[in-house]
Amino acid sequence: DQQVKQNSPSLSVQEGRISILNCDYTNSMFDYFLWYKKYPAEGPTFLISISSIKDKNEDGRFTVFLNKSAKHLSLHIVPSQPGDSAVYFCAASEGNEKLTFGTGTRLTIIP
Amino acid sequence: DAGITQSPRHKVTETGTPVTLRCHQTENHRYMYWYRQDPGHGLRLIHYSYGVKDTDKGEVSDGYSVSRSKTEDFLLTLESATSSQTSVYFCAISESNRAYATFGSGTRLTVV
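Going line by line, the protein sequences match chains Z and P.
According to my numbering, the first sequence holds residues 1 to 111 in order.
According to my numbering, the second sequence holds residues 1 to 112 in order.
Next up, chain P with everything else stripped away, as it sits in the complex (with noise of 0.2 Å):
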């Protein structure tokens, strides 16, 4: 979507190595997301930030870190991947909290 970009599109990686998901967003807004995406469990939030070096976790976080050391930028760190996290991640991009937030076009992992 204009605006928000995330990287990679696809990414296959094996159980026990490190792996870090980037969304890039231009629109300066103040809030950021973390969501997958499983059949059967819909999206869930796995971490968000509310403004650079602020962030908090979401109902899955465990297995995930986060960092935004810029306002455009927001890392997924998976810091040993397990293929309970294969799914389809999504970042989100929103101007409060409250309001609605514009999503990227997602990052398909599997973790082998």
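One chain only, chain Z, in its complex shape (with noise of 0.2 Å):
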């Protein structure tokens, strides 16, 4: 049973708009939310976090947003750049467990 979904497998968005990725999870104990960005060849590097205690964390262009009632997570770029092309993963924990991973989206901004 997938707990964290990222129901998007792909997104193109132009260059210096903004980039809004999405991911829905099912477990309410989750209380820590990751976001992962991951280049071809290479492993995830992380993001941008965010605990349920916040609805809002923001990292320069990047912004998350954890909606707790609705079980959906955000992660906003603004202005998007063609190195922001890559595939983001959420991830989400409960307490100290470990992470569970979505599926991925694959992010491509076009110049």
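Careful, some of the hints might be misleading.
A few chain Z residues that face chain P, going by a derived Cβ cut-off under 8 Å, partial list only [as the list claims (entries may be wrong)]:
#1 PRO44
#2 THR103
#3 ARG106
#4 ILE110
FYI, nobody ran anything at the bench for these hints, they're computed from the structure.
Please read these numbers as outputs of a predicted model, since none were measured by experiment.
Don't be surprised by glycine CBs; every beta carbon is placed ideally from N, CA and C.
Build the complex: two chains, separate frames, hints provided.
Rendered as structure tokens:
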């Protein structure tokens, strides 16, 4: 059973516009959420995280929003740049348990 | 990535042969993980370790075993490789189970 879901396998966005990547989860006990970014032939790299006590966390061009009632997480990238083209994974954990990853969304930024 | 290395980077092996993948870290992190990445499945945890000789199963552990005899090394063994184990394998390390993990560059394994 997929507890963390990324329903959009791919997304294309024009350079300079906003990219919005979405993630849904089913386990209401998840209290820590992360986004990872992955380039081809490389390992995933940590991007940004958010605790369930917050509903928003910002780091430069990247903002993560958490809607606990909807069990929904989103990553906003503004403005989108060509170097943002990658696969993005969301992940979640409950307490001190290990991370559960989503299936990933491939983001393509169109110049 | 600096602090974590995987070997080999690529391997082709025949069905039924044993295969061992190695993960080495220089960060002295307590936790080490093995994931596999497959299209449509994202990253799935195979096994993880929370200390020397302390390991536990992940969600796709069947057909795999692990060992951690030193803090810095975490080995993943496929006792008898099958074609379904063709995948990209990532090792990751973290200071705690909850902290963000640092991933290695991956091992592309092909079982023919």
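* **Hints not upheld, ascending by number** => Numbers 3 and 4 - these are the hints that the structure violates, sorted from lowest upward.
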